[in-house]
Amino acid sequence: GSSSTETTAATMDDARDVTLILGAYSTPQEAFKVIIPAFQKQWKEKTGQTVNFQESYEASGTQARAIAGGFEADIAALSLEADIDTIQKAGLITTDWRTKPHGGMITDSVAALGTREGNPKHIKDWEDLAKPGIGVLYPNPKTSGGAQWDVNAIYGSGLKISEEKGKKDPAYAADLLKRIQKNVKALDKSGRASMTTFENGTGDVVVTYENELIGRNLEGQHYNIVVPNYTILIENPAAVVDKNADKHGVRKVADAFVEFLWSAEAQKAFAEKGFRSVDPTVAKQYEAQYKTPAGLYDIKYLGGWDQVRKDLYQDGALWDQILAGK
Amino acid sequence: MRRLSISITYLVFLVLLIIPLGKIFTSAVSTGGSGFWHALSTPEALHAFLVSGLIVGTVTVVNTLFGVLLAVLLVRETRISRRIRQFLNSVVDLPFAVSPIIGGLMIVLLMGPHTALGTFFEAHGLKIVFAMPGMILATLFVTFPLMVREVMPVLQEVGTQQEEAAYTLGAGSWLTFWRVTWPAIRWGVLYGVVLTIARALGEFGAVLVVSGNIINKTQSATTLVYQQVENFNFVAANSIALVLAAFSIVVLLLLEWAKKRKEVC
Amino acid sequence: MQIEVRNLTKQFGQFSAVENVNFEIQEGKLIGLLGPSGGGKTTILRMLAGLETPTCGDILFQGSKVNHLPPQERGIGFVFQNYALFKHMTVFDNIAFGLTVQKKSKREIHNRVLELIELIGLQGLHDRYPHQLSGGQRQRVAFARALAPSPQLLLLDEPFAAIDAKVRKELRTWLREMISRVGVTSIFVTHDQEEAVEVADEIMIINKGRLEQKGTPWQVYKEPQTPFVAGFLGESNLLSDTAQLVGFESVLQKRLAKTRVLIRPESIEVGREHEISNLAAATKGIVKSVQFRGTLWQVEVEVGEHRLIAHRSLEKETLLTGEKVAVLIHSLHLFQNDESLFLENELKRANTRAI
Amino acid sequence: MQIEVRNLTKQFGQFSAVENVNFEIQEGKLIGLLGPSGGGKTTILRMLAGLETPTCGDILFQGSKVNHLPPQERGIGFVFQNYALFKHMTVFDNIAFGLTVQKKSKREIHNRVLELIELIGLQGLHDRYPHQLSGGQRQRVAFARALAPSPQLLLLDEPFAAIDAKVRKELRTWLREMISRVGVTSIFVTHDQEEAVEVADEIMIINKGRLEQKGTPWQVYKEPQTPFVAGFLGESNLLSDTAQLVGFESVLQKRLAKTRVLIRPESIEVGREHEISNLAAATKGIVKSVQFRGTLWQVEVEVGEHRLIAHRSLEKETLLTGEKVAVLIHSLHLFQNDESLFLENELKRANTRAI
Amino acid sequence: MVVKNSWLKRSVQSTVLVYFLLLIVVPIVGVYVQGLSGGWAKFVESITQPIAWDAVYRTIKLALIATVINTAVGTLIAWVLVRYKFPGRRLLNSLVDLPFALPTAVGGLMILLLLGPQSWLGSFLKGYDIEIVYQPTAIVIAMIFVTFPFVIRTIQPLLEELDPTEEEASFTLGASRSGTFWRVIFPAMRSGVVGGAMLAFSRALAEFGAVVLVAGNIPGKTLTASVQIYGNVESANSTGAAAVSVLLLTLSFVVLWSVNLLTAGRDAR
Ligand SMILES: Nc1ncnc2c1ncn2[C@@H]1O[C@H](COP(=O)(O)OP(=O)(O)OP(=O)(O)O)[C@@H](O)[C@H]1O
Ligand SMILES: Nc1ncnc2c1ncn2[C@@H]1O[C@H](COP(=O)(O)OP(=O)(O)OP(=O)(O)O)[C@@H](O)[C@H]1O
Ligand SMILES: [Mg+2]
Ligand SMILES: [Mg+2]
Ligand SMILES: O=S(=O)([O-])[O-]
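Chain order of the listed sequences is A, B, C, D and E.
If you number the first sequence the way our numbering does, the last residue is 326 and the count never jumps.
If you number the second sequence the way our numbering does, the last residue is 1265 and the count never jumps.
If you number the third sequence the way our numbering does, the last residue is 2355 and the count never jumps.
If you number the fourth sequence the way our numbering does, the last residue is 3355 and the count never jumps.
If you number the fifth sequence the way our numbering does, the last residue is 4269 and the count never jumps.
The hints are simulated quantities; they were obtained by calculation from the structure and are not laboratory data.
Misleading hints may appear alongside valid ones.
Said to hold, decoys possible - Calculated cross-link-like contacts (lysine-lysine; reagent style DSS-like; alpha-carbon spacing at most 25 Å):
{"no.": "1", "chain 1": "C", "residue 1": "Lys2288", "chain 2": "B", "residue 2": "Lys1259"}
{"no.": "2", "chain 1": "D", "residue 1": "Lys3222", "chain 2": "C", "residue 2": "Lys2288"}
{"no.": "3", "chain 1": "C", "residue 1": "Lys2103", "chain 2": "E", "residue 2": "Lys4009"}
These figures come from a predicted structure and were not determined experimentally.
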């Protein structure tokens, strides 16, 4: 049936209980497990109101499409800007979410390589992934935000390497991606699924969020985390889905929750699970957890998300060409 | 020959069904019974079972009713031309052949919030997609052929004579159905019910597309299994899978037992 | 109930299963529908029951048209060829079905069913399921079930077809008694002329969808209106050349071509001269074979160019093959075009009168 | 093929379906297995065919034991009660089956099958499927199929059970001819004494798993060795009180209790006094009922305390109910303990001699 | 039969037909409409796209393999379950439907656990450089698992119905056991075998849950049509998804239609 919140008006903001619907991508689930109770407690103390949560964790692309297609999430926490843009284009986000602190990003990470314990195949850099006999894993960029970061990282690094050698050469970058793609064992639907496949014993190396690898190691695995010299800075946004929040009459608490994500408490929780904090003080505290390579670049190096989509992911763009074996 | 065939049969069952089930079992209890119980008693798991139960209940009732009626129509209604019946007959099986993903997609496309139907229903306070009605619809679609397919051959086999006898004894169509047709097809219907329960319980693709997979709301036991796998909670995944499998087995065995009892009398 | 059928016709596609059949049945009569397989007997019965819609023609019960009444409103009982008992009901429930439908009280149903069970002699078996009964027992249950709601018309489609000969004989006597005791108008289908003759008040002979003849068994035997009927009832000798039939010369010689003559074996007396009742009316023949036929000798005898089959009592002396015998043809049937004629031996008659 | 069976026994669990049966069949003979339902006839046939393994006892074909040969190596043909035609094959393919198995050439098969189809009179139907045939036609196909591979022994399990009486009569004559033409040793099962008597060279009467009697039909009729056999062949009047049987006084009076007397209707002559062949040997009776029975009158007559069923020719005048008639009992069977006796009317004999 | 057509009966019938129309026919027509919504040219382009075409081709090929295996094994198992009495028969008989009852995702999971690189068999085979999961083999296994009951369940009733005297007749006519099987029994089962195989085939074509977990989903290598469709759905290309579905659906429909004609032919007998 339909939830009781759906038909309530905005004036009900102060009613006893409210329900927030969170649509998130697949990797921050563990962090939210800590953050949500903290927020509930804080909100209760502040307003006396109980906040219930309904959460959904899907691959970032899937989640964005679901929200755009009618899944009435109040808050979207996705892997990448482009997916928030999808929701915005559907007319559900009406305010400029980028004006929020840190440009709307709640966490950072980098694209990293996870190898089996002891790095038996001696994987150091992207070129190693293209070597014969290496099994590579990353998810499917059609559904997964993580995968787009991974592919961006490979492609961007290709550009960087060629730049280093003389000139920024998209052809070289495309070729690198193509050679690595040849070694891919399985294209899963989300970053999480890809990690699961790796954990189940397939492949020699998984390309994924650095936080995902750190998180697994914190849970007792012993993966070697390799951060190549050139890799991309991952920035994960969160935003209130205005239309839905207004419809459900939870605007205030939704805003408060997103705001809370930048609090030191929440940022620490993220960092505990392996993310790089967007809050410099917290980041400093957890510095030891990460290695920041000299060649780190961000999405702007590739011309921003709009450009990336055009170059790589549009129908018939580079990604499709590579799959088609052209 | 006999021995060999029986051995092969056992082997196939062993490899295809029993060993995998055993594996699920051992994985489910790999951290001891408490891990198993814990996995099942989390609020998400309980809610997911509730969702699955609701879907299964509704779908079974609706499909049984309409499935039986359609089967009767297709077999007995000779006034409908043979060609039309043959055509409907082939259409009945199509949900088997349609990828569940597409089944789900069609529901989203036809009844999503941005469609005329979706808006209409929403205006009347009924959300379809990313809510229970959509999941039920998707499951109805996927399981529809089961009942029809079970009942049709039985109806064909019992023939019309007993029914004719009932008419000549003064019974009308309704009474004839309940007193004569129904007892003849009830085992077929029961079997159809079992299959529908089983399939509805296990449906994944279609539900995935229409549910939004909202924890504690639209997450079904099956999608929860999938999510638990993704979250590296193999014990939890296997525990839930084991419950689903065990439930199905129990239902199947109950049916077999009931049949046996019936044969004895 | 009095039944009337007018121009009844049933077509399946192009094929006429029943064609333009007319008859009337008086209340309380037991009618045998007799005819070869595929003749249309079942189809007629099913139309009477309302299980099949006539292509054209009318069916009248007590003078009023019932064409468009569904079976459940016609007040008939139907005993199906393979009984069509309700498999999942006990004997009791099977018989009670029609009464339950009529919403009779429990008590009433109970009494009536037990009474019927006694009538059919299946006391103590009321808890059995059909598959636990023998063929004859099933037949009786089907009969009782059809009788229970006291129908006005009882239709029986080959009630004995699936039962072995011995039991069959018993059952048909039983059925005959039962029906006359209940007094319900009944029509029963059979392939078996012996059965029809034995059981029915009147028989109707159906062939290729048409009603060939209707009458009491004796009428139909004595005065068959078509060669088909004559041939269908009992074994017969069929001749087209009628020379050498002593005692029938005057009539047979007048007749021209296309005459068919039918002589029943029981109308032919064969024997040594001293045995023959009326030697003057007899001719001579030679015994070709003698076979034991259970209750009589079947003698094949050559008379001129004809070979005739005749019956002879077991109590008489056995004839020998090759023996010269006297052959007396008591009577024969003559068919020409649409006419049929029953002829007695002229010489015999003359002779008898002479005595 | 010559067949011998020694101590043949078949038990299903505790139950003996066939018990210690012994017989021998000469080459080329046609044997009728006759007996009530459940007697064990099918079981015997199935053991001969190798479809069932005997519990003990031997089966010999041409003097050599075949107990352990599988059915496909026994060289037999089997016609099943329900025909068991191959549903998915045409008439042609059904008949051709045995030949195809023998890997005969196409041409040879074609010729043989067409020949058989002609033999059974189904020309033009070779492309039909079994469900498109009538019962009689199916029966013939089953027969042709069994004959096609030229078996040494033909086994027929109630070949006519499901066929209507008329067709049945034709078919059995046809079968009789066919078998004698082909000259194959044959055994056929039937319930129907008339059929057995008519078709078989010899009959074997099976009851409760035991062979009651074996002999030609005439032998078995004339000299039944048990009351069962006597009663099973033909209808009979069964009496235990033997007073008032004129013509049998001397013998019957000597006998004591537990005597059973069996009189066949065809052995009783009923009629007006002038009609009776031997009035001195007759007694008096009153006609109770007269019924037309297809080929004769069935007369129920009261003689003292007995009611006897007698037959009377249709050519004689019809008797009236209540009429006083003379009743001449030509012969009867007497059973006491294990003895059986055939008695002719003493007075009649005396009288005849006197003439 | 002469039956009065009461309004009740008629309205029940109409309700059933309308329900059927709405639940089954409308969505299926919807797929066609959606698939062709971009025009014929777009439709042709969608299905001739190398990745899509390759996925469809692979799916058909693997589904065929799975069907052939299942048909052979299923026929044998149906035979054993009907004809032989042996301990455990009833249990096995009720387990036949289990693959139907298990969530397909669980089916995929079981294959992963049993045959994956960490499993006993997986690591053993790895020693010989044989991989199963994320290879076409795994897809075939998943398809076999999911479609396991179909052939068995369609043949069983036919075998039960088969008159044993037909077999005996064949023996008495000189045919051996195997001859009898191929000439008499098999033709009687044929419609069931074909029907079951066709159902299994169309179900295998459409399978998603089990396949997506074990296939690897690499375009050009292990991507199957339903996963490809899922990708399209998830990347908001529902027209492309529907186009591929139209192709599969049409194929399935043709297959199912011919099954129906076939069984109708049998019923006519
Ligand atoms: N539903 C039907 N469709 C087509 N033809 C039919 C149908 N029912 C009967 N017939 C044909 O009509 C004819 C008469 O059939 P019917 O069953 O009335 O014969 P019958 O006299 O009862 O024969 P039998 O003694 O063999 O039962 C047959 O030739 C039969 O093939
Ligand atoms: N497979 C079996 N298991 C147990 N009992 C059997 C089996 N087959 C036959 N019988 C029993 O053996 C007895 C003889 O059976 P059989 O079939 O030989 O009789 P029949 O003389 O052919 O009877 P009918 O004339 O009814 O065909 C019957 O009482 C029957 O119930
Ligand atoms: Mg009929
Ligand atoms: Mg028998
Ligand atoms: O969940 S992901 O989008 O990161 O795959």
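Hint check results:
1. Lys2288(C) with Lys1259(B): violated, 65 Å
2. Lys3222(D) with Lys2288(C): At roughly 23 Å apart (the allowed maximum being 25 Å), Lys2288(C) and Lys3222(D) satisfy the hint.
3. Lys2103(C) with Lys4009(E): holds, 22 Å
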